[in-house]
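Undergrad: Spelled out from the first residue to the last, the chains are:
Protein chains: 4
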Amino acid sequence: MNATIRAVTRVAAFKGFNVLGFCRGWEGLISDLVKPMSARSVSGIINLGGTILHTTRCPHIRTKAGLAKAAARLAEYDVDGLVVIGGDGSFRAAMALSELTDTPMVGIPATIDNDIYGTDETVGFDTAVNTAVAEIDKIRDTAISLDRIFVVEVMGRSRGFLAAMVGLTVGAEIILVPELPVREDEIFSVIKDNVSKGKRSAIIVAAEGIGDTRALSSAIEKNTGLETRLSILGYAQRGGSPTARSRYLASEFGKKAVELLAEGKSNCIVGLQNGKITSIGLRESAGASKPLDESILRLASILAT
Amino acid sequence: MNATIRAVTRVAAFKGFNVLGFCRGWEGLISDLVKPMSARSVSGIINLGGTILHTTRCPHIRTKAGLAKAAARLAEYDVDGLVVIGGDGSFRAAMALSELTDTPMVGIPATIDNDIYGTDETVGFDTAVNTAVAEIDKIRDTAISLDRIFVVEVMGRSRGFLAAMVGLTVGAEIILVPELPVREDEIFSVIKDNVSKGKRSAIIVAAEGIGDTRALSSAIEKNTGLETRLSILGYAQRGGSPTARSRYLASEFGKKAVELLAEGKSNCIVGLQNGKITSIGLRESAGASKPLDESILRLASILAT
Amino acid sequence: MNATIRAVTRVAAFKGFNVLGFCRGWEGLISDLVKPMSARSVSGIINLGGTILHTTRCPHIRTKAGLAKAAARLAEYDVDGLVVIGGDGSFRAAMALSELTDTPMVGIPATIDNDIYGTDETVGFDTAVNTAVAEIDKIRDTAISLDRIFVVEVMGRSRGFLAAMVGLTVGAEIILVPELPVREDEIFSVIKDNVSKGKRSAIIVAAEGIGDTRALSSAIEKNTGLETRLSILGYAQRGGSPTARSRYLASEFGKKAVELLAEGKSNCIVGLQNGKITSIGLRESAGASKPLDESILRLASILAT
Amino acid sequence: MNATIRAVTRVAAFKGFNVLGFCRGWEGLISDLVKPMSARSVSGIINLGGTILHTTRCPHIRTKAGLAKAAARLAEYDVDGLVVIGGDGSFRAAMALSELTDTPMVGIPATIDNDIYGTDETVGFDTAVNTAVAEIDKIRDTAISLDRIFVVEVMGRSRGFLAAMVGLTVGAEIILVPELPVREDEIFSVIKDNVSKGKRSAIIVAAEGIGDTRALSSAIEKNTGLETRLSILGYAQRGGSPTARSRYLASEFGKKAVELLAEGKSNCIVGLQNGKITSIGLRESAGASKPLDESILRLASILAT
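These protein sequence lines map, in sequence, to chains A, B, C and D.
Numbered by this note's numbering, the letters in the first sequence go through residues 1 to 305 in order.
Numbered by this note's numbering, the letters in the second sequence go through residues 1 to 305 in order.
Numbered by this note's numbering, the letters in the third sequence go through residues 1 to 305 in order.
Numbered by this note's numbering, the letters in the fourth sequence go through residues 1 to 305 in order.
Just so you know, these hints were derived from the structure itself, not from any lab.
Backbone N, C-alpha and C define an ideal beta-carbon position, used for all residues, glycine too.
Possibly wrong hints are sitting among the right ones.
Derived CB-CB ranges, DEER-like [unchecked claim]: (1) D:Ala262 - B:Gly211: 35 to 41 Å; (2) C:Val34 - A:Asp185: 39 to 45 Å; (3) B:Asp185 - A:Ser295: 53 to 59 Å; (4) C:Val34 - B:Asp293: 44 to 50 Å; (5) D:Gly89 - C:Leu180: 50 to 56 Å; (6) D:Pro291 - B:Ala68: 31 to 37 Å; (7) D:Gly89 - B:Asp185: 36 to 42 Å; (8) A:Thr278 - D:Gly225: 53 to 59 Å; (9) B:Ser41 - C:Leu180: 37 to 43 Å.
Here's a subset of chain A near chain B, in silico, CB distances under 10 Å, partners left out [unchecked claim]: (10) Gly50; (11) Ile52; (12) Tyr77; (13) Ile136; (14) Asp141; (15) Leu180; (16) Val195; (17) Lys197; (18) Gly239.
With a Cα cut of at most 27 Å, we get these calculated DSS-like pairs of lysine-lysine [to be verified]: (19) D:Lys192 - B:Lys15; (20) A:Lys290 - C:Lys276; (21) A:Lys15 - C:Lys197; (22) B:Lys199 - D:Lys15; (23) D:Lys35 - D:Lys64; (24) A:Lys35 - C:Lys35; (25) D:Lys276 - B:Lys276; (26) B:Lys35 - A:Lys197; (27) C:Lys35 - D:Lys199; (28) B:Lys35 - D:Lys199.
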C-alpha cells in the first residue's frame, strides 16, 4: 500500500499535479479527512507495511447519501482525477461513484487475495505469499520432527489464488481451494498413500474459502489415525515489509495510474497482463471472475509425490 | 533442538565417548530406534529448526512396562550416561526411570515455554519469542492501518513466560498471563483510556493459558464498540532457524551436560542462573514452580502508555 | 537450485524416467560423480539454499578432452536427455558438447544475474533481489540516522539487472549500471540537489560491473563533503532460502524442461516470456544479449525525488 | 536505539518529568537541536532500527569550547538529569562534561561492539549478532555448494565480542579475534585437517580488529590451494529491526537510567551483570577493559570439529 501511495504521489508531483490524500479510504472522502501530499510526505515508507493514510471498511459508501457526499467532495476539492487503491469492494464503490461524478477514476489493484480480473497479480500478493511460505517452512520443522499432519489455513477470501501459490511453493502434500473441491475421502487416501511410502508427515494448505478447516482436521485425524493439527495463518499475511516484487508492481502501477489520468483516461484499473503493465475498464473488471490457473495445482500434486 | 544434539554429540565425541541417538524420544529408547552418532552426523544442522532425531509424545513411558523396557535398553546398550533433551514431561519421565536404573541422567531444558524451574532460560525460548515478535510487528501494521484491536494468542502452555516477554518487546498495550489474572472490565477501561488519548488500535498479547481468547475478543468488541480480531500464533513458534542466543544456550548446555556425566554427576538438569551455566537436581526442579517475573509486566504497562 | 533439482527429478520420475544426478556440475559428468535420484532423494529441499548436487567451476569442460569425456559418459550411461541447470557458462559448454553428442539437452536458466537472453527472469533472481533489498533496508537505518551517503555494491557480473531492480525497490537515490554509464559529476550534482532539498542521506546502488566502487565513494565524499561509506553486499545474495517466486519458477522450468525432452526437443533453454513458460534455442540464446529495461531506471529516478 | 529512547521517554513521562531530546547526539546539545518529547512522540518506534533523534560523530565535544557550550546548554534548559545513550566515545565525552557541570548523567550502553566494561551485554549486540548469523547461514549455502573457504569479516571495532558470539553460533570452523591472535600456519593446518576429514568448505569468522582480512584470505588460498573468498559484512549489522532481546535490554536499561536519576544518582552507566540490571560508575567503566570470555572460543573450536 505505502509503496503504491509513494509511487502515485511522486509521479503525480513530478508531472506537476497537486496531490491530496484521503485518509481512511472512502470514509476520508466522505468525512473530509484530507491531507495535502508531497514528494517529501511519502519519503521513507517504501519498506513499511500497512498504509500511512489508514484505511477502513466504509459501509457508508454503499449508500446513496454516502456516494452523493463523496461526489460533492470531489467537486469541492476540484479533483481532476482520483486514484483508488484497493480491491474488489473499493472498485465497486468507484463504479457506483462514477455514476454521480465526471471525475476520472483509475483503480490500482492492491489486495493479498489476487482476485481482481484484469491483472495477473495484485500489489501485496507476493508479500502475503512469502509471509505464509516462511511460516509454513517453520511449521514443517514441527510436522517432520513430530510426524504430524498439519492443516494450514491461509487467507484469500472466497478464492484460492493465495492457497495455490503458497501450496506449490511450500511443497504442500495437498492444496484445497474453493475453485476445485476435493472430497474428504480423496484427502484421506492421499495421506494414507504417503504413509505407505514412509512419509509420516504432511502439510495441507487450505484456502479460508473452503469452509470449516477445524472440522476437516478432526476428520483427518479420526480417519487416518495420525495426529493432525490446524494452524490458521492470521493477519501477519496482510502486513510486513513488502517484497521487492510487491514494491516493483506498486511502483509500476502507481506510474501507470497517473499516466492514464494525465491522458484523460477514466474508469479503468491498471494491471499486469502477460508481463506488461496494462489497463482495462472498471466495469469489465468488476463484471468478470478471474480464473484460477489449475495447472499450478496439478504441478503441485506431481511435485509433492 | 538440533543445536543441542550437535553440542552434546561433538563434546562427547571430543571427550572420547561413543554416542548413540535414540530417535523419537522415549519411544526410541523403548522400541530400540537407535542410531550411532558421530561428529559428522551432526554437521550442518546448527541452523535447522526441528530435530534430526525426531520426537513424539510417548504415553508408554508413563507405564511400569514402558519404564522397565527403557531401563532394560539402557543396560543392553551399556549406556554410561543419558542426556535427556526436552521439557517438563521428559524430565518427569527421567525421574521415574531413575528409580529403575543406575544409569546417570542429565536433562537439558529445551522448550519454548521456558517453564522449567532451575534455569532462567530454556533452549528455544528466545527463538519462539522472536518468531512471535516478528509476526506481531506485521499484525500491528494492520492494526494501525485499520484502527483495530488485535488479541494475539501466543503459546506457553499453562504459563505466561512467552506472553510476558513477547508482550513487552512488541510494546503490547495489554498482556494477559495465567499468573496474574486481569478482570475483563479492567481490559475494557485500558482500551477506552487509549481511545480517549487518540490511540485507536491496540495489541493485546494473551497466553494460551488464560483460557478462551475467542470469547475475550468478542467481549472486547461488544463492550468497546471497536472492531476486534483474534489471531492465534500457531506452530511456527515451535520451528524455524534458531536465534543466535538459542544456539548459544544449546551449545553451553550441551557441553555442561556432557561434563556433568563425565564427572559422574547424575539426575540433574543444566541451567542458566544469574548469567552462569549451572545445574540443579532433577527432583528439585520438578518439585518447584518457576516464578514469573512480574516486574516485566509492570514495565510493559508503563512503556505502553 | 534445489527447488529446480526437485522439480526436474519428480516430474521425470512421474513420467517414468530414471533420473541420474551429476554432482559438482560438468566436473561430475567428466569425472563420473553420479548418483541415482528418486522422488524421495529430493524431499525436504525446496526451501534450502545452495544445491544438494554441489557445483563448481569446471575449466576442464572448455577443453576438447573434457568435452570428449563428457560425451562418452552420456553414451556410457545411455542418457536420453540432459537437463543443464545454470547460467551463461553452463549453456555455452552445453552448446559445445552438443557438437559431440546426439543426447538432447535442455537448459534451465538459474542465476542471480538474470542475464540470459530468452527469459524475462531466471531462477534465483527474485531471491537475490530480496536478500539485497532486506540488507539495504537495514543500511538505510544507518544512512538516515547518521546522515550519510552509502554506495552499496550488488552483484550481477557484467550486467545491471540485479542493481536496477534492487535500486528501484529500495528507493535508491541513484542507480549505477554498466549499460547506462553516469558521469561522476552528474552523481555529485544529484547528491547536492538532494542536500539542498534537505535530504542529507542517500543510497547509491551500484552494479559490480561498473568498476571501482571504492574509488567512486571516495570521490563522492571528496566532492560533496558528505561522509560516504561503501558497502559491498557479498555472497549472501547467492544463498538463503528461496523466495516463493524463485520456487515457482524453478518448479515451472523444471516441469517444462522434462516435457521438452519427453517431446524429443533438444538444445534449447526454457524461459519466462511475457508471463508464459516458453523455450528458445540454446544457440539463439547464447548469440544474443538480453537488453536491460531502462524504463525501470527512469521510474526509479522519478520515485527517488 | 529507538527502543531505548522510547523506554527513557515513557518511564520519565510516567514519573512526571519533562523530556527533551537532543538530536544528532552531542552536536545537538552543543548546537541547540532540541525537541520536546512525550509518550506519543515515541510511539510506533520499538521495532524500528536506527534512531529518530539521529546521531553523528561530534569532534566538537572533544574540545574545551564544545564542552563549555554543552555545559551551558544544560544550564540554559535547566536539565535535572542527562541520559547518554551510546558507547565508549559518548561516555568519555560525558565524563569530560561532568567536570564542567553538576547535571547528573547516566549512560546507557548501546553499541553492537559490546565492549563496555560494566555490562555483560549492550543494547544492539544481540541484533547485530543475529543479523550476521543470518547472513553467514546464507553464505554457508554457497560455501558448501561450491566447496569453498569463506573468510567473513564482522564488525566489533578493536574487540572480538561480536566475532566470538557470531562464530560460535554459526558453527564457524575458525574464529579470529584481536584478543587471541592465531598464527597463519595454525589456520592453514586446521583447514588442511578438515580437508583430510573430507570437509572441503569452511567458514572463518574474523573480527575487523584483527587486521587485513583480504591479505589473510589470499594467504589461505595460496597456502591451502582451496578457493577462498572474503566477505565483509557491512553496515546492515548496525541497522534493522531489533531482536526481542535488544528491545528487552533497551526497556530495562531505559527504566533503570531514569530511576537512577530520580534517586539522585549521577555519573554512572546501567548494565546487565550476572543476569541482573545494575549500574557502575562512569569513571570505573571507562577505566577498565572488558575481558573477552575465551571459553566461548574453546567451545566453538570443539563444536566445529
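Undergrad: It remains to establish, for every hint, whether it holds in the given structure.
TA: Structure-based check of all given hints:
| no. | hint | in the structure |
| --- | --- | --- |
| 1 | D:Ala262 - B:Gly211: 35 to 41 Å | holds, 38 Å |
| 2 | C:Val34 - A:Asp185: 39 to 45 Å | holds, 42 Å |
| 3 | B:Asp185 - A:Ser295: 53 to 59 Å | holds, 55 Å |
| 4 | C:Val34 - B:Asp293: 44 to 50 Å | violated, 58 Å |
| 5 | D:Gly89 - C:Leu180: 50 to 56 Å | violated, 42 Å |
| 6 | D:Pro291 - B:Ala68: 31 to 37 Å | violated, 51 Å |
| 7 | D:Gly89 - B:Asp185: 36 to 42 Å | violated, 51 Å |
| 8 | A:Thr278 - D:Gly225: 53 to 59 Å | holds, 55 Å |
| 9 | B:Ser41 - C:Leu180: 37 to 43 Å | violated, 52 Å |
| 10 | Gly50 | holds, 3 Å |
| 11 | Ile52 | holds, 9 Å |
| 12 | Tyr77 | violated, 23 Å |
| 13 | Ile136 | holds, 8 Å |
| 14 | Asp141 | holds, 3 Å |
| 15 | Leu180 | violated, 25 Å |
| 16 | Val195 | violated, 15 Å |
| 17 | Lys197 | violated, 17 Å |
| 18 | Gly239 | holds, 3 Å |
| 19 | D:Lys192 - B:Lys15 | holds, 22 Å |
| 20 | A:Lys290 - C:Lys276 | holds, 17 Å |
| 21 | A:Lys15 - C:Lys197 | holds, 18 Å |
| 22 | B:Lys199 - D:Lys15 | holds, 21 Å |
| 23 | D:Lys35 - D:Lys64 | holds, 25 Å |
| 24 | A:Lys35 - C:Lys35 | violated, 64 Å |
| 25 | D:Lys276 - B:Lys276 | holds, 12 Å |
| 26 | B:Lys35 - A:Lys197 | holds, 22 Å |
| 27 | C:Lys35 - D:Lys199 | holds, 20 Å |
| 28 | B:Lys35 - D:Lys199 | holds, 22 Å |
Hints 4, 5, 6, 7, 9, 12, 15, 16, 17, 24, counting from the list given before, are not met by this structure.
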